[in-house]
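Chemist: Sequences are here, hints too, so could you generate the full structure?
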Amino acid sequence: MSAETVQKAPALSRFLLLGAFAALVALLAVGLTLNPREVPSPLIDKPAPPFELPQLHDRTKTFSPADMRGQVWLFNVWASWCASCRDEHPVLVELARSGAVPIYGLNYKDQRDAGLAWLKQFGDPYRLSAFDAKGAVGIDYGVYGVPETYLIDKRGVIRYKRIGVLTPEIVQTKVLPLVDKLQKE
Amino acid sequence: MRALLIVCLWSLAASQAAIAAEAAPAAADPQLEARVMALSNELRCLVCQNQSLADSNAELAVDLRNQVREKMKQGMTEREIVDYMVARYGDFVLYRPPMKGSTLVLWFGPLILLVVGLAVLFRRLAARRAPEPELTESERARAAALLAPEDRADSR
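The listed protein sequences derive, respectively, from chains A and B.
Each position in the first sequence, counted from 1, maps to that position plus 19 in the working numbering.
Each position in the second sequence, counted from 1, maps to that position plus 1145 in the working numbering.
FYI, nobody ran anything at the bench for these hints, they're computed from the structure.
Each hint should be verified, as a subset may be incorrect.
To be verified - Distance condition first, Cα-Cα at most 30 angstroms in a straight line; then the derived DSSO-like pairs of lysine-lysine:
hint : chain 1 : residue 1 : chain 2 : residue 2
1    : B       : K1245     : B       : K1216
2    : A       : K193      : B       : K1218
3    : B       : K1218     : A       : K153
4    : A       : K65       : B       : K1216
What the hints assert, rightly or not - Selected chain B positions facing chain A (Cβ under 10 angstroms, derived; list incomplete):
hint : residue
5    : E1178
6    : L1191
7    : Q1194
8    : M1230
9    : V1231
10   : Y1234
11   : G1235
12   : F1237
13   : V1238
Note that the structure is a prediction, hence the values are computed from the model and not measured.
Yeah, the Cβ is synthetic: ideal placement off N, Cα and C, and Gly gets one too.
Modeler: So, in structure tokens, the structure goes:
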């Protein structure tokens, strides 16, 4: 038995300390489920930045988001040099085949020939692709990693942004329900 | 031998031209470059997210630095360019987190935890050094009685 008297802290103080510890653990536990690389877009619920770019297949024609007023559409940023884009491409091809929502592409910082060859090899789910050689439109849209996908409503407002690969799960749980909702607006 | 020497000298000269071509934009306006770098130090590279825009060699960082340079040439102020970046990428593009309601925990959280931790520690230490409670006569006698036969007890 130690000669030193150890004062036991009053019950309330110990309870508070335990509570504070539990709160800290909860905070860190939530943090573990978050993706630190994901930069949430400030463009959600803001109008899609306007642009006019030449089309990939036909350089005599241009494409602008204004052309899409009145429609709900998916805007997918892709490139032939992007490895992850290959992962999501079958998902996009399937989505295009289902006809649920029109998909338009942004060929980001690519070479025309490389982009066209890539679409020929992996399939072309896009009604058309805009050709953003310098990436200036990408910067306007806050693109920092390819692939990224935007869902834009009938008034040209960005309602959802997916950073990274589109998985079938995301399409089922996030994209299609929102497409449904936006098409009824 | 002489031909070899000429070829060597020529390729040396040619390579200098190539290097000079790459450095030209930087050398053209040192004051502009200084401003671009100063602002790039305050912005974050979104690909290598722990580096500033000035430090990073990622392609996006090069693009964004060029954007900063272009905007400065067009006459935008530092403030306007920062707003332009934040409008597209959000607060995360600022290398130094802004002081806002939502970031108060980020800025002061660790400090508050430290202060609370120290406070708890000092209270514990003070309590330990607190004087022993006073005993009454009967308690003192009882204590003596309990302590006395200790060397014979086998309680250890």
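Chemist: Now tell me if each hint is right for this structure.
Modeler: Structure-based check of all given hints:
no., hint, result
1, B:K1245 <-> B:K1216, "holds (27 angstroms)"
2, A:K193 <-> B:K1218, "violated (42 angstroms)"
3, B:K1218 <-> A:K153, "holds (18 angstroms)"
4, A:K65 <-> B:K1216, "holds (23 angstroms)"
5, E1178, "violated (20 angstroms)"
6, L1191, "holds (4 angstroms)"
7, Q1194, "holds (7 angstroms)"
8, M1230, "holds (9 angstroms)"
9, V1231, "holds (7 angstroms)"
10, Y1234, "holds (5 angstroms)"
11, G1235, "holds (4 angstroms)"
12, F1237, "holds (5 angstroms)"
13, V1238, "holds (8 angstroms)"
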